[in-house]
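*Asks:* Generate the whole structure from the sequences, applying the supplied hints.
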Amino acid sequence: MAELATAVGGELLRGDGKARFAHLAIDSRKPFHPEGTLFIALKGERHDAHRYLPELVERGVSCFLVSDGDVLPNGEALHAVRVTDTLDALQRLAAWHRGHQHGPVVGITGSNGKTIVKEWLFQCLRGTTHLVRSPGSWNSQVGVPLSVWELGPEHELGIFEAGISRPGEMERLRPIVAPTIGIFTTIGPAHGENFPDDTAKALEKAKLFTNSRALVYCRDHAAVHAAVLASGLDKQLELLDWS
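Heads up, the sequence shown is in this note's numbering, so the first residue is 1 and it goes up one at a time.
No wet-lab data here; the hints were simulated from the structure. Incorrect hints may appear among the rest.
To be verified - Computed list of lysine-lysine pairs in DSS-like fashion (alpha-carbon distance at most 30 Å, straight line):
id	residue 1	residue 2
1	K235	K43
2	K43	K18
3	K43	K30
4	K235	K207
5	K18	K30
*Replies:* See below:
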């Protein structure tokens, strides 16, 4: 827990910092093993997971990442780190974890086809390579860090999706996925209301590949190709395109 506090810039609120965890949980309704799990109390517009902390303590959870420590019941066996923003801390934790994993990672973005491409790659490679991939369509600001947390030194390849809905979001996801190889599927109308045009949306998505080694994309998609050129990726990366 002391290492967690350092990684996310938080305060060790409970415990001596020696407690360890291997799993992350954000939903008190879903089953998980209390022992060895860090529960992250996320706050949203309509929900606040801090409300369920006393119940989780009764279920045996002892490690927490919170922004409000006052709701934690008293107990010597509890361990908690307090931060200002638990979503930001979750993302920082996942980026810190990714920085300690040195195997190759494929990062996939685009308006459509992310999950299909990810599952296709997984099915093609699973017999010869020890893989980890995003569960389902976990490509959001919450889903990406939870997915990447599952990447370990035993994996020969990680395959992760990253989706955005507004400007600034890919900057947060890029250090979490940190893809070695990028795949840009396509640009479509999804979330178009938050961007002035398709090129601006493609430019935001292309930020995922800033530090990658190679990028696979369709040159025929004008907005995608324009974003590749405007962002300088054509000069930084090996490009593999199809049409």
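*Asks:* Look at each hint and say if it fits the structure.
*Replies:* Structure-based check of all given hints:
For the given pair, K235 sits about 41 Å from K43 by alpha-carbon distance, which is inconsistent with the 30 Å threshold. For the suggested pair K43 and K18, the alpha carbons sit about 26 Å apart, so the restraint of at most 30 Å is met. Of the supplied pair hints, the one linking K43 and K30 holds, its CA atoms being roughly 17 Å apart against a limit of 30 Å. Of the supplied pair hints, the one linking K235 and K207 holds, its CA atoms being roughly 14 Å apart against a limit of 30 Å.
Restraint check for K18 and K30: the C-alpha separation of about 27 Å stays at or below 30 Å, so the hint holds.
In summary, the one numbered hint that this structure violates is 1.
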